[in-house]
Amino acid sequence: MLILRCALAALCFCATLLWPIQLARGQESPYIVAYDHYLEEPGSLDVEYFSTFATQRAGNDFHAFWTELEYGVTAWWTTEFYLDGQTTFDQSTIFTGLRWENRVRPLKHEHFINPILYFEYEKKSGADKILKEVEGHDVESDFLTPNALARQEHIHEVELKLILSSTLKGWNFTQNTIAAKNLSNNPWEFGYALGASRPLALKASGTRCNFCRENLFAGVEMYGGLGDRYHFGLKDTSHYLAPVLSWNLSSGWTVRVSQGFGLNDNSHKFLTRWGVSREFSGFGELVSRTFRRQP
Amino acid sequence: MKAWLPVLGVSALLLVTSLALGLPGSPPSQQPQKKDPSIYWELAKAPEKARLRVNPLAQDPGAVAAGQLLFQRHCSECHGETADGKKGPSLRAEEVQNATPGAIFWILTNGVVRRGMPVWSRLPEPQRWQLIAYIKSLGSKPASGKPYPAASEK
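Going down the list, the sequences are from chains C and P. At position 88 of the first sequence (counting the first as 1) the number is 87 in numbering that gives the first Met the number 0, and the numbers step up by one without a gap. At position 108 of the second sequence (counting the first as 1) the number is 107 in numbering that gives the first Met the number 0, and the numbers step up by one without a gap.
In case anyone wonders, no lab produced these hints; they're calculated from the structure. The beta-carbon is built from N, C-alpha and C at its ideal position, and this holds for glycine as well. Zero decoy hints are in this set.
Straight-line distance between alpha carbons at most 30 angstroms, and here's what the computed DSS-like set of lysine-lysine pairs gives:
| id | chain 1 | residue 1 | chain 2 | residue 2 |
| --- | --- | --- | --- | --- |
| 1 | C | Lys122 | C | Lys268 |
| 2 | C | Lys168 | P | Lys135 |
| 3 | C | Lys168 | P | Lys44 |
| 4 | P | Lys86 | P | Lys44 |
| 5 | C | Lys107 | P | Lys135 |
Listed next, with one range per pair, are the computed distances between beta-carbon atoms:
| id | chain 1 | residue 1 | chain 2 | residue 2 | range |
| --- | --- | --- | --- | --- | --- |
| 6 | C | Gly232 | P | Glu47 | 46 to 52 angstroms |
| 7 | P | Glu47 | C | Trp273 | 46 to 52 angstroms |
| 8 | C | Cys208 | P | Arg113 | 34 to 40 angstroms |
| 9 | C | Asn263 | P | Gln58 | 50 to 56 angstroms |
| 10 | P | Val53 | C | Asp141 | 53 to 59 angstroms |
| 11 | P | Ser136 | C | Ser50 | 41 to 47 angstroms |
Work out the full structure: start from the sequences and follow the hints.
If you want it as structure tokens, here you go:
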């Protein structure tokens with residue numbers, strides 16, 4: 000059954016990549032955890048796949064992965080759908096949940112600091128390990144529970160973020176404040192993500208190329224938990240620092256890599272992440288034309 | 000098994016959509032669309048200080064070629080391959096061609112978010128100026144006929 004599910008997921012993912020929509024060549028930021036204030040272009044669909052390989056002390060290392068479908072509804076609203084899964088070595092590979100997130104830009108114009116409001120609903124099992132954000136008292140030892148047990152826990156969670164992002168002389172600086180609530184009568188938990196990035200060249204070259212420096216973005220992100228409503232602070236929290244790099248290929252693909260380092264004893268020692276994405280422009284227009292009645 | 004149902008649902012929807020999109024006889028529309036000329040009035044909203052900015056790359060011999068590539072990459076989906084307009088307005092309209100580089104730069108930086116144009120400040124400033132050098136090199140091709148009002152008239 001597991002092989003069947005994996006094959007089906009792979010098939011569907013390939014189908015989304017191969018359908019005959021015009022490819023767009025976006026300018027993607029290198030962040031994997033942090034968000035900046037740039038939303039998806041209206042009508043465009045970004046299909047993304049990410050992997051996280053994490054070391055686990057006193058337990059089995061794991062590989063968590065997720066697929067994102069990111070759609071620009073309007074120039075001020077982007078919606079995303081996630082499917083999460085993970086493999087814990089010497090245990091099992093399981094589907095761990097889904098997420099639906101929305102990002103809204105409240106201000107019409109660009110400012111020195113640009114706010115974005117973020118709302119997410121998560122329906123996941125206790126075995127979810129994608130570490131897309133770190134919040135509350137999330138620590139490495141939480142991931143020791145075997146898959147067979149952890150997957151029996153069902154979590155419904157809402158997550159709010161205030162994203163404050165600024166772009167200055169090619170640099171982007173972003174700060175995300177996270178508040179998350181497990182709807183099973185758990186307290187509000189808090190977290191943060193910070194990021195800074197810049198393209199390696201500010202001027203574009205006059206020839207089409209993959210290795211031009213303007214196609215490469217480098218940066219760093221830092222993220223971690225800030226406790227909960229009753230125990231706010233850094234005690235019993237985990238934190239990570241991760242250099243990030245993205246490469247926008249002229250074929251329309253974007254590749255991101257990140258090597259995260261745990262900053263304290265509560266953190267995984269290493270989080271190695273990578274991801275690929277491809278943007279399909281005009282997706283909304285094509286869908287509406289497909290289902291429109293012909294005259 | 001229940002947790003897998005939403006995955007199947009979304010995957011099936013994507014698959015059906017992808018198949019439907021592959022049917023013959025549905026090429027994407029390449030025809031320029033008639034646009035509400037009021038879209039060009041956004042140019043007039045640029046503050047005077049922004050409007051008076053000059054393109055520092057106007058004399059750069061490579062700016063137009065680089066701007067053309069940037070245009071194909073980021074703008075042609077909405078404004079058309081030849082900038083004559085598609086989902087978005089024509090950039091060869093007199094309103095755009097007569098606008099100052101600074102006003103176009105301001106629109107690129109701030110977008111017209113409520114009318115569908117995203118902000119493009121994610122492109123570094125030199126790349127936005129390269130884009131403007133290309134847009135200005137296209138020359139005028141009247142489309143709407145209705146000039147946008149000057150900021151002082153508003």
